[in-house]
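**Q** Here is what each chain is made of, one letter per residue.
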Amino acid sequence: MKSNERIDRLAAQLHEQVMNSGERMTPLERFNCVNVHHAKPDRLMAWAFYREYPRYLVDYKVRDLETDYLKECESMLAGLVEFGFDTIWTNVDLYSVTPEIMGVDIDMIEDAVSVPKAAVLKKPEDLKLLKAINPETDGRLPVVLDTVALLREKIGDIYPIIGHLSGPISLACCLRGASKFVVDMKRRPDFVRELLDYCADVTITIGKALLDRGAVGISMADATGSPSLCSPKQYNELFMPAYMKIQKALACMTPPGVRWHSQSGIDEVADIEKFVTESCEAGNTVFHVATPWALNCDIKRILDILKSYGACLWFGIAPAAFANLTEDEMETLVKEYIDTYARGYEGYFLMGPNMLNDTSKPELVKAWMHAMKKYGKC
Amino acid sequence: MCDFDFQPIIDVIVDGEGDDAAELVQEALDAGIPAADIIDKALVVGMQMVSDKYDQKEYFVPDLAASADAMTEALDILKPLLEQKDGEDKGTVVIGVVKECSQEIGKNIVAAMLSGAGYKVYDLGTNVAPDTFISKVKEVNADILAMSNPMLQTTKYMKETAEKLEAEGLRGKVKITIGGASTNPETAAQVLADAWSKNGNECIRVCNRLMDDLQA
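Protein chains in written order, with full-length UniProt numbering: chain A, 1 to 378; chain B, 1 to 216.
Possibly wrong hints are sitting among the right ones.
[Unchecked claim] In silico EDC-like links for lysine to aspartate or glutamate, alpha-carbon gap of 20 Å or less:
{"hint": "1", "chain 1": "A", "residue 1": "K233", "chain 2": "B", "residue 2": "D15"}
{"hint": "2", "chain 1": "B", "residue 1": "K41", "chain 2": "B", "residue 2": "D11"}
{"hint": "3", "chain 1": "A", "residue 1": "K233", "chain 2": "B", "residue 2": "E58"}
{"hint": "4", "chain 1": "A", "residue 1": "K233", "chain 2": "B", "residue 2": "E163"}
{"hint": "5", "chain 1": "B", "residue 1": "K57", "chain 2": "A", "residue 2": "E273"}
{"hint": "6", "chain 1": "A", "residue 1": "K122", "chain 2": "B", "residue 2": "E17"}
{"hint": "7", "chain 1": "A", "residue 1": "K374", "chain 2": "A", "residue 2": "E363"}
Please keep in mind that the hints were generated in silico from the structure rather than gathered at the bench.
Computed from a prediction, not measured in an experiment: that's the story for all the values here.
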């Protein structure tokens with residue numbers, strides 16, 4: 001059977017599964033209910049960031065997904081059929097697509113995410129050599145855009161197709177080298193400002209292309225740009241202008257707006273209320289907190305702030321939980337999180353793994369979804 | 001010579017000024033100050049002040065990284081002079097970020113701080129395969145292998161490296177310490193390491209303890 005035929009079959013299976021699920025809403029309706037209208041959905045949104053995780057279901061390697069949009073689609077769809085998440089999104093800079101366009105040497109590994117090998121900005125003056133990009137033609141970006149377009153065509157009536165962006169700090173670190181970038185923050189803040197402005201422009205260009213090709217929303221992850229990477233002053237003066245530029249450019253193009261998350265370090269922010277408020281004022285519509293670190297924070301206070309701005313919380317369950325718990329423990333954990341944090345905030349609450357990866361056990365992913373359906377009813 | 005003023009070198013380390021550190025260190029050498037004295041009385045003192053400021057949240061990662069960078073610049077000048085005196089190191093450490101990872105900010109800081117604390121450090125960089133760690137450990141007769149792992153899915157490579165070290169019959173002679181964003185004290189046991197540390201300061205203490213264990 002050809003890849004196209006397998007994709008059609010998986011898409012048909014998904015339609016059948018969703019229609020026969022016994023649930024009142026399709027994943028797309030649930031997404032719109034929470035992310036656009038902030039109304040109470042039929043159940044809590046199961047928000048999974050699952051990347052290349054389901055490739056084993058279709059017997060592909062990571063490199064296949066990084067280079068072939070049909071295989072990427074097939075893997076994504078197979079994951080939805082197997083686990084029943086409410087979300088589907090495609091990857092860009094996780095796979096070093098943009099840095100590669102900029103000339104960063106990439107180590108393409110057969111069955112692991114590609115790794116940038118060396119930075120291209122050996123000295124600050126090299127920034128002038130970087131050009132604007134064309135997402136329709138440059139490097140492997142067409143693979144990403146074609147994936148979005150095909151997913152939209154096949155399941156866009158029942159699933160929210162989310163375009164995934166890597167944030168400007170992560171891109172800047174690839175271009176300059178993370179260690180040098182961090183030192184630059186102290187020694188050459190003007191250069192950092194200029195570099196991040198350039199990275200914001202690139203991010204906007206890719207975001208617009210994702211929306212043009214059918215993504216209903218944009219999810220921007222900036223794992224390197226966690227608040228723990230720098231001082232609050234540096235975060236505000238160097239990072240925030242880049243984030244705000246992206247938000248301003250893209251938020252008006254998509255009803256759910258743009259979300260961004262920083263992988264960790266939220267609990268180390270001295271004034272979390274101020275940080276969340278500033279994030280919302282910058283236009284962020286989904287704020288990510290990652291357990292276990294975030295459990296040190298006042299989650300309900302964060303939710304109250306987000307609610308007042310019409311933004312959602314993505315309550316991320318630690319990847320370690322998907323590797324180490326038993327199925328019963330996972331069910332208990334999900335119930336506890338829902339009872340403790342979600343009640344009263346159903347129109348503002350998204351819940352799921354921070355990220356699924358090869359350490360995640362399929363039976364625990366299923367146990368999470370089972371618990372979401374069992375305890376997440378609204 | 002006893003009157004030599006180390007304060008300007010201490011200041012540039014604390015301020016994280018790489019070029020100035022190299023220049024001042026060269027001036028000190030030209031004035032006849034032994035390399036070991038420059039390290040002990042200026043670089044280590046400066047880095048300790050930086051660490052204290054970091055612990056007190058007066059300094060942040062960019063400050064730490066800039067100071068570590070300045071320290072590295074200074075050590076690049078001093079190391080060739082130190083290597084003439086074998087046996088004076090506290091111990092030999094091989095350090096690197098595990099396979100399939102390219103995030104090295106923390107590792108660079110730790111490597112610089114260990115150098116400043118008197119360890120001979122071989123930094124293998126990022127994306128280091130288990131076999132590469134093992135061959136370097138053997139080549140330089142390392143006492144400690146320090147692995148940094150920023151991502152959960154690559155934790156397996158730390159364990160693989162520890163198992164290979166065991167298979168080579170080196171586990172009794174080489175201690176393993178780990179760190180990185182995805183690790184915690186429990187990870188050390190999971191990957192068969194001897195210790196875990198949260199930051200550079202702690203890693204120095206851990207390495208000192210591991211060296212004591214080796215010598216016991």
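**Q** Please go over all the hints and tell whether each is borne out by the structure.
**A** Cross-check of the supplied hints:
no. : hint            : verdict
1   : A:K233 / B:D15  : holds (17 Å)
2   : B:K41 / B:D11   : holds (12 Å)
3   : A:K233 / B:E58  : holds (12 Å)
4   : A:K233 / B:E163 : violated (44 Å)
5   : B:K57 / A:E273  : holds (19 Å)
6   : A:K122 / B:E17  : holds (18 Å)
7   : A:K374 / A:E363 : holds (16 Å)
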